[in-house]
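Chemist: Take a look at the letters that make up each chain.
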Amino acid sequence: MRVTVNGTPHELNVAPHRSLLDMLREDLGLTGTKKGCDAGDCGACTVLLDGVPVNACLVLAVQAEGRAVLTIEGVATEDRLHPLQEAFVRYGAVQCGFCTPGMVMSAIALLNETPQPSRTEIQDALAGNLCRCTGYVQIIDAIEAVAKGTG
Amino acid sequence: MMRHIGRSVERADAWGKVTGQTKYAGDLQLPRQHHGRILFSAHPRARLVAIDTAPALAIPGVRKVITAGDLPGSNRYGYNSVLHRPVLVPPGEETRFVGDAIALVVAESEAIARRAAKAIFVNYDPLPAVSSPRQAMLPDAPRIHAAAEGNCCCRREFAHGDVAAGFRGAEVIVEQTYFTPRQEHAFLETEAGVAFVDDTGVLQILSCLQDPYGVAEDIHQALGIPKSRIRVKVTPVGGGFGGKLDTTLQVHLAAMAWLSGVPVRLVLDREDSLFFHAKRHPMEIRLRLGARRDGTIQAMEGEVIADAGPYSGRTFEVVGLTISALTGPYRINNVGVVGLGIYTNNLDSGAFRGFGAPQAAIARELLIEKLARALDVEPVELRRRNFLQPGDRPVSAMLGDSPNSLAELDARLQELLGPKPPASGPSKRVGRAISFDMPVFDVGAIPVLGKSGVGATVEIHSDGSVSTHAGGVELGQGVATVLAQITAEDLAIDVNQVRVELSDTWTCPRAGRTSASRLTYVLGNAVLLATGALRATLIARAAERLQARPDQLVLRDGAVQLAEEPDRAIAFAEIARTCSDRGDNLREEGWYRYPEDRYIYGHTFMAAAADVEVDLGTGDIRLLKLVNLLDMGKVINPTLAAGQQYGATVQGLGLGLMESMTTKDGRLQTPTLAEYLIPTALDLPEALILGSIETPYPTGPYGAKGIGEAALNCTTPTLLNAVADAVGAEICQVPLLQEHVLAAIMRHEDD
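The listed protein sequences correspond, in order, to chains C and A.
Take the first sequence: its position 56, counting from 1, is numbered 64 in this note's numbering, and each next residue is one higher.
Take the second sequence: its position 467, counting from 1, is numbered 873 in this note's numbering, and each next residue is one higher.
Hint data in this document are derived by calculation from the structure and do not stem from the laboratory.
All values derive from a computational prediction rather than experimental measurement.
Any given hint might turn out to be false.
As the list claims (entries may be wrong) - Some, not all, of what chain A presents toward chain C, calculated at C-beta under 8 Å:
| no. | residue |
| --- | --- |
| 1 | E416 |
| 2 | A418 |
| 3 | A420 |
| 4 | Y430 |
| 5 | P548 |
| 6 | H551 |
| 7 | G882 |
| 8 | L961 |
| 9 | Q1075 |
| 10 | T1076 |
| 11 | L1079 |
| 12 | I1084 |
Said to hold, decoys possible - Chain C side only, calculated, beta carbon under 7 Å to chain A, not exhaustive:
| no. | residue |
| --- | --- |
| 13 | G40 |
| 14 | C50 |
| 15 | G100 |
| 16 | Q103 |
| 17 | L134 |
Claimed, not checked - The following residues of chain C were derived to be distant from chain A, with all beta-carbon distances above 12 Å:
| no. | residue |
| --- | --- |
| 18 | M9 |
| 19 | V60 |
| 20 | Q71 |
Quick reminder that beta carbons are idealized off the backbone N, C-alpha and C, glycines included.
All chains should be modelled from the sequences, with the hints used to inform the complete structure.
Modeler: Pasting the structure below:
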């Protein structure tokens, strides 16, 4: 199959039942995308498929044929964090960090779609991403700050 | 003026975590790495008749299948030297819960390992499970451990004053029994690790865990591997909350690597994780309070029965803390409480943020609310009337020396809370509740294996940069950043000059376990002892070089200078470069030991308040406002401290309104995160307000206290009491679901 991941085209042989998550983590070594449940319950594996947030554990690798995948590794440039990543650092939105990649991806998708979300819209966008450390407040604060341009 | 303390220094590990570069155990990939799989018992209680591994071994790609007979060593481990948990259940013995391991598989891929584990044929003789403490205590109940009569894991008692006389003097007596649920940690990263035997014959374990020394001890006990050949290095931990405090999969992983001769990665599936690690103890708490008409509480009496699960080495401590925490921040001079830990074939119980104290807070604060209704007084007034007063020693087995700040917390809470809002409709009622507590944190009373005290090493390198090594674990709470701040503050250097290495049993001084909200306090103090020694050396050398008296010198910006003549200075780097020539060392170990009584604890005085709106027609609860207020002693890093406070508060909210990990006949009924629900971003209160006050704790680093667990404590009963206030009826169900609220409303209407 052919797939573009973080702007780089790849040609891979993958088994038809392999999940996009396992392809990213095991075949491409992109371990920034986390496996928290492998059942679509936790959101830790959120990536963008043609710009749309998906749980990579629920998508077959072959479903990404000819499409563009963005993972956490493709978010920052060489020398600069994405504004959302910077805000996550500054606002204390990161504790154990295991949900963080998925949270950042969901937040990117939200701001692409809705550049000026209300706090409720931010909460809605994060509803599929579990976090057990932060109580979510500082994550919401970080996203809101970026949206308002104060991040 | 402090440069680093009290400032929200960005966490040292944040860059790696936001970019996905941080390598957790499950992300590691070693050459020749194989994959492990644990075959768990199919039954909570069964006699294991026989195991046939041949079908698994026949699968191509399977390297090794291990059963009990293959293990070197005793095959037994367990916390607190209660060595009764088998690594693998041997044929002829009984399984004790669904998390007992039967066999281990090492294979070339995860898929092959999974298939091989399924192919192992196990012949069980199923036996009825002991599925509740009450059942376990019956005279004819089967014994889960031969030595445990009545399936009693432990009995703890606390008595003070004259309980009978106290109740005789009481004019109003209230009593209730509360059942608190089993709570699951639901850390986002399941148990994981990589292990290999290195070229010198040392078994290296890289894994997410909270007590590297306990893990090394368990591996040694169970597998007989010499301690000098066990190295435990903690990988970044994707959440712990107590659930990774007991050894989880590390002994199994060690056996896989030791016996297979290849590097092995073992990562638990979520469904295995959910039944495998120890949970918050479910408890039945019967509590009785007697008071005079004026509200003065005269006596407390009660009994706690905790479901210890099958092994639970922590139950002794957890139940001890529960009975100690029952009196809370109130002056109750006549107390008699008994706590029992009872073995069952349910899921194992162990440490979870708060460690038994949240259950106590639920029972106490709900019963005080009931007492207030019986006395017809404002609940907060009743609490104030019974506050411990400054100078009072708490009536508890957990003695402490923290300054009592209840009055200040009470006043600050009122400011944060504001007026009670009106209901939004005719069928809606708004309720409000306020609670207080004084959860403990460890100040050095918890023994550290093979050592007294808690250590940290600080070294100034020849370029003036600084390394701090300590045995604590970074769980996400930010301890590495806090220790960097303390190091930088005391040495008067830029915080970016400091790197902190944590939790490698070979390179870091012993720190014991990462639990009990203890690291900022114990490691902070250990760092200050090390930096204090370094300061003395720096000043002594600088005094010689600058021909000044030590008392004329100060540390500033990585140099020692004359206070009055800043131009006369010598950089740390220069001192460091010459130190080795003269046999000096700019590497110091600090060992912190609590100076007086080993059994003193710190107390984090706290308060919580909630405004809720209940729909009397549907029982739906709207969380209008939740306030959490802690006396932090001194806030080292406001952003990190707030993170602990938010996180613990929302876990307390989950415990109060959502979470219950139920079992039936020993089997888990909530086997996925779609069935065991934890709070999402949509479950937050409309306003979640944090506050902190700072009453310096005299022996704390810069006055700081432990705050990691505290905020959870009275969040849960505060929410429940606010609902009770709204509906005008007693609430004693935890977690409180909409159907329970509706039932309470209907009961109230019937009355």
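Chemist: Which of the numbered hints are not met once you compare them with the structure shown?
Modeler: 2, 5, 6, 8, 9, 10
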